[in-house]
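Visitor: Sequence:
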Amino acid sequence: MPRPLIARKSTALSGALRVPGDKSISHRALIFGALSIGETHISGLLESADVLATAHALQQMGVQMTREDGNWRVVGVGCGGLAPPEGPLDFGNAGTGVRLMMGVIAGHDFAAELIGDESLQRRPMGRVLDPLKQMGAEVHGGDRLPLTLVGSGDLAPITYRLPVASAQVKSAILLAGLMTPGETTVIEPEATRDHTETMMRHFGAEVRIEQVTAERSITVTGEAVLHGRDVEVPGDPSSAAFPTAAALICPGSDVTIENVLVNPTRTGLYDTLAEMGADLRFENERRSGGEKVADLRVRAGKLKAVRVPPERAPRMIDEYPVLAVVAATAEGETRMEGLAELRVKESDRLAATIAGLTACGVTAWAEGDTLVVRGAERIPGGGTVETHMDHRIAMAFAVLGLVAEQPVRIDDTAMIDTSFPGFAERMRAIGADFDDSGGSE
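In the numbering used here, the protein residues as written are 660 to 1100.
Simulated from the structure, these hints should not be mistaken for laboratory data.
Every value quoted in this text rests on a predicted model; they were computed, and no experiment measured them.
Treat the hints with care, as some may be off.
Said to hold, decoys possible - Each computed DSSO-like pair below joins lysine-lysine, with the alpha-carbon atoms no more than 30 Å apart: (1) 951 - 961; (2) 963 - 668; (3) 961 - 668; (4) 951 - 963.
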């Protein structure tokens, strides 16, 4: 059932909070634990619908997992050791989960039917499947779910140049490369999230990274033997973006978001906010499991419009809807360029963002793949935002409602559980006026 939410203008937000574990690292921790010899212990795992779909798929293929006191224990089966699933693998809304698991399944000598919800069925899979087919996997059913992927115990290594920067495509190829003789190389035109390479090394894989001008090549040595490791999952910077944005735009706010991943491939939003004049600091910086972690101290203040260049998109692709909300309160017109990828997310996020802003009285438009938002001192609000089953659209416009003159209604927030369980409760704890009781305005 849909779960609507009404967001009302709030007073200053204050206090400290933690956001759920990073989704990208959570998926990978489960996958690498499954492909290892021995046990992997994971703390801070994001227990969202998306990540649990990956966990269930691995369990269907013979991986033992237990959970106790919020910690997960994964008993690995080794690279190439998964068993054929007896039924379809249902990934729900998990685009990351299904694309990474395609790389895993490609290296196993069995067929698996992959299915998902209505939203996931609309998302293109060809960019992942094409290189896997070059390695020797077969696909029945086209380039969208549902489809059947037929893996092989005799994949061939490839050198693959990504036509578009994509951490998911890169990761799927490298995961398949773990089970492939020789060396498998991915060349990316610009750096994307490097969690896969970092975690591969953490579990004992041989990975070589070379940087030549703007291009970056990642090579993994196949027929790998991984060993179980401990993984502490830090807070998700994409989830932290929402309380960060709320604290920046609600006058008088002072909020600390603890234990957030600040890997440089994920901090494009925070770099952009700094350019806009945000009072945002990384405190208590440290390393955990090879990843940079910090506490984010965020205080409200005046912001100015900026141009966000297209080359920054891979470092903040999930954060553009909430950046657009921040831009609605900034002085001037903010231009966000190179957003073609937003059209093939859980929804057409470019169109959904413009529609949501327009419904709330904000002037915004698209020029090709560029989003332009005209800031204003006053946000009228009063509109209903259609989320199109997209969690990030829902959370972004819940934040906008905190500074709007009239309440903003979000048509459904049920899908927020795919990435940020407890979103409304955690935001209310720092002062957000959210009503998800189903009552009227």
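Visitor: If a hint holds in the structure, say so; if it does not, say that too.
Guide: Checked hints:
no., hint, verdict
1, 951 - 961, "29 Å, holds"
2, 963 - 668, "21 Å, holds"
3, 961 - 668, "18 Å, holds"
4, 951 - 963, "28 Å, holds"
Checked against the numbered hints listed earlier, the structure breaks none of them; every hint is satisfied.
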